[in-house]
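Q: Grab the two chains, each in its own frame, and use the hints to assemble them into the complex.
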Amino acid sequence: MKPLRCLSSVRFGSFLAYSPRGKSADSVKSRTMIRDIKNVRSGYMKRVADRLREEMRPGKRAEVLREVLGNDVLVVPCPRSSPLVKGALWPSKEICDELVGHGLAMKCAVLLERVTAVPKSSTSAIGERPKPLDHIRSMTVVKQQELELRKITRITIVDDVITRGATLLAAASILQHHFPEAVIRIFAVVRTKSYDPEVGSILDPVLGEVSLNGVDADRKP
Amino acid sequence: MQREERMDTKSLKFKETTPAELLGPLNEVERKHAPRALYVAGAISLCRNGARVSVIGTREVSPAGVKRTQDLVRMLVERGAIVVSGLARGVDTHAHSTAIEAGGRTIAVVGTPLDQFYPRENEKLQRKIMAEHLAISQFPLGSPAERKNFAIRNRTMALISHATVIVEAGEGSGTLHQGWEALRLGRPLFLLESLVKRTELKWPREMVGYGAQVLTRDNIDVLSECLPQEILSGEASALPF
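Here the protein sequences line up with chains C and H, keeping their order.
Note that numbering that gives the first Met the number 0 has the first sequence beginning at 0, numbered continuously upward.
Note that numbering that gives the first Met the number 0 has the second sequence beginning at 0, numbered continuously upward.
Hints were generated in silico from the structure; no laboratory data involved.
The structure presented is a predicted model; accordingly, all values stated were derived computationally and were not measured.
Do not rely on the hints blindly, as some may be mistaken.
[To be verified] Cβ pair distances, simulated, as ranges:
1) H/43 <-> C/22: 27 to 37 Å
2) H/169 <-> C/208: 45 to 55 Å
3) C/197 <-> H/218: 26 to 36 Å
4) H/151 <-> C/207: 44 to 54 Å
Idealized CB from N, CA, C, for every residue including glycine.
One chain only, chain H, in its complex shape (with noise of 0.2 Å):
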């Protein structure tokens, strides 16, 4: 891992916060991996209203899967879903960019705390969505960068977000950790059809077995019909009857 750079952070304004105040109250399969508290900089009304969709894969990227995931984020932005990532090299940079470019909403879960950029040359992506978009770290400020901080990440993004699609993974892949959290949480997951049609790989078939489901150019409506389609709101629901 790269030596982390830390940022000035006094032009911009950080809040703490937990997941139950962020994303309304959590039950009990939830709360079991949820950190106790969160950090965020930027617009806390992305995790209130609207359907929020990871997009997530490998930092080595190829160039299809570069072009799927662009294709995948510009669809989501078309039916206003906010798109959730990493920031890591690779699939999550371009989930983030793509999403910013056509116009759409963005959030940031991040493996560092929030005054560091890892990796360096994403310096002005998170500085970006920290004062437009939204950007999420479980890891206190001026706290040391650690590697296994990226797998507890990815679990907190499954948490965040109402589906989850990998685009592209290796075995061994940390992606891999949030595709099992959004299983275990009951969350809608997509694996694209690329992925399932590597007969050198194990774990898609492994997590079709335990209900992901894939992803086509066309069953593509699948994903939005499954997302929330009405207005979302942090607080409780009222019984409607």
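Extracted from the complex, chain C is given alone in its bound form (with noise of 0.2 Å):
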């Protein structure tokens, strides 16, 4: 096997926006959402995962999305930014058990684990934000896991929320390197409006890129 290099690019979804400084009342809406999804508030993901399987049928906004996610699709929560102690919440997962539970994906599987902490990039300063690398350093895949499901050819990681993408641009590389025949994808529910002042729209479906800049991860759109 080939030693594991952080990919270059790995293509993105997301379903909906957030601002996290914004003053609009829709920019106000969607820190009040984001602390739902996050918290894994109970019914509320099962009610976007039902707007999502709406909008994604043909012709709606969202529709984009189906390269993504679909039926055929293996999607693996991205991990967290510290190990779990035992029961604990994990956001990703449950999304991941509502997209499999919405027909919107094909199975859930725990492929990837934390298994030293990192400091949370929501609240570092810039320059001090964990790097892909950091994070390839810092995640392992599940062993067992990975020779049950050699054959899969389209494994989705996925999270509640995007940033930069450096976790999730890690979490690709990993999966890449120990699944080098599979097409490997992200999607989070929610993408930071970080440059913008405000939300504008909050359901805003796109599909984008999350490469490699330098040793940092830079997200287009």
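A: What follows is the structure, given as structure tokens:
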């Protein structure tokens, strides 16, 4: 097997948008929404998945997300920034289960785990946020699962929120290394609109790319 | 444990409720350790509006720990947070008292039924909190006080709080139950830097390894930034799109 390297880029899709600091009514609502998703508020993600399924129908706005989701896709929850205590809340896993339950993915497999904690990007100063290589060094593949899933051709790593995409680019790099024949994609329910003062429309499905820019990750759009 | 003293409850109004009624619908992880019922006295609105932060620690608090508790609580009150603690001796008592003195709001989550005082010297403080703030217990009025209830209470306090800060605690402290529960619930857990610097303690490094964050005077804004900024409601949120 070749040595593990960070991918130069990976395609991603996201369904909704949120503004961390905007003042408009929609920006404020988007922050309430992100809290409900991150806290796995009872029944909330099911309603988001209902709407996602509806919006992915032919001719609807989120139809483009068929590139990253579908009933032949294995979804893999993205690890949190630190190892989980037993029975801990794991929003990405809950999202994966809802996607499978709604026919938007074939199966959920816990293929990646965090073995050492990295600083949380959301609370780190910009220059101190962990880089893709830091994430690669702190995550590993769950071996038993890997052997059972050799024939899978489409794998999508799922997270609640994508900001720069450093964690997801690292996760994609690890999975591509272990599943060289598979098409690896990323899906995040929400993407952060860090550079725009306001959120515009919360329902804002997009396809884009996370790429390695120097030692850091860069997301477009 | 000292023998508890039962209070004359005629002048106070207690209400029986559930965690879901008080906090909104719970997810599966939250339901696992949530009590079936909660008994409350005071302003239930404190669980419906605003960010709730637990400030907790040892009963045998050092003078430096008292100062740190007071500084932290004043900062939280300035930012509009509701200070949650367990009304025990030490850090808890200083957390509640400082919040009240600073003009803030406080919630006591006690390990006894609400018609008991433990410790006895906190009777006046408990009465004030029940009358003007909010006191919560998961133990029915009249039920016996048991040592194990304090650890159970700590898990409930983690459930009620959006974030938890541990000020000072030794190995084996009951406070640690709340720290681990906060991590299990996916809620932000902060440890004061002074704790992490104590090389004889193993638990702070273990908790940091599972995602606890170190709180210093320089990064105190990290705590307020992780708290909900908007008015909260106990009702399930509608999709905003």
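Q: Evaluate each hint against the coordinates.
A: To see whether the hints hold, each was checked on the structure:
no.: 1; hint: H/43 <-> C/22: 27 to 37 Å; result: holds (30 Å)
no.: 2; hint: H/169 <-> C/208: 45 to 55 Å; result: holds (50 Å)
no.: 3; hint: C/197 <-> H/218: 26 to 36 Å; result: holds (28 Å)
no.: 4; hint: H/151 <-> C/207: 44 to 54 Å; result: holds (47 Å)
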